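Asks: Counting along the sequence shown from 1, when you hit position 53 you're at 55 in my numbering, and nothing is skipped either side.
In case anyone wonders, no lab produced these hints; they're calculated from the structure. Values in this document were obtained by computation on a predicted structure and should not be read as measured data. Warning: the hint list may mix true and false statements.
[As the list claims (entries may be wrong)] Pair by pair, the computed Cβ-Cβ distance ranges are:
(1) ILE69 to LEU156: 45 to 55 Å
(2) GLY51 to PHE101: 43 to 53 Å
(3) SER38 to ARG170: 35 to 45 Å
The C-beta atom is built at its ideal place from N, Cα and C for all residues, glycine as well.
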Amino acid sequence: MSETGYDKKLAREAGEIARLLSYVLILFASVGLFLSAAGIPTSRFEKLGAGAFPKIVFAGIALVAVIAIIDALRKIPAGAYGRFAAQTCAWARRRYLVFVTLAALAVYLILIPVLGFSIASFLFILALELVLMPRRPATLLIAVIVAAVFSFGLNWLFAEVFTVFLPRGVL
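Let the hints inform the model, and build the full structure from the sequences given.
Replies: Written as structure tokens, this is what we have:
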């Protein structure tokens with residue numbers, strides 16, 4: 003390992019595992035697209051049908067992905083999977099705010115039909131501001147004002163100026 007903490011062997015192993023995961027995703031996508039190509043309507047006048055060419059292409063992609071998966075599995079040492087999992091967990095812990103933001107976005111999207119655009123947006127923006135910004139009295143006041151403007155203000159703008167009504171919610 004060098005002075006910067008970079009180990010070429012670990013980086014190579016992580017790259018091989020990431021490549022393996024991408025091959026698996028390509029395999030799943032090509033199999034799914036192959037199955038969906040079977041649903042393309044066929045013509046009475048063609049023997050192969052309209053879905054034949056896409057099925058051939060996706061079968062070829064799946065075959066190449068299987069070959070690549072076998073080759074990648076052959077190149078990866080047995081202990082690399084555990085090291086990769088540990089490195090991935092450490093990476094995720096260092097970037098926890100990204101996951102907090104994505105979770106807040108998912109909750110926001112679930113709450114829009116229930117609470118309506120204005121209330122859900124106010125809670126979403128305020129919660130993210132409280133998580134991401136420094137907490138001082140002045141910044142808390144600014145956070146509440148920004149959340150109100152970008153939730154209730156946008157709802158007013160769309161309703162009164164553009165006559166586009168955002169979701170009201172059931173509550």
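Asks: Decide, hint by hint, whether the structure agrees.
Replies: Hint by hint, here is what the structure shows:
1. Evaluation of the 45 to 55 Å hint for ILE69 and LEU156 yields a pass: the beta carbon distance comes to about 52 Å.
2. Separated by about 45 Å at the C-beta atoms, GLY51 and PHE101 satisfy the suggested range of 43 to 53 Å.
3. Checking the proposed 35 to 45 Å range against SER38 and ARG170 shows it holds: the Cβ atoms sit about 36 Å from each other.
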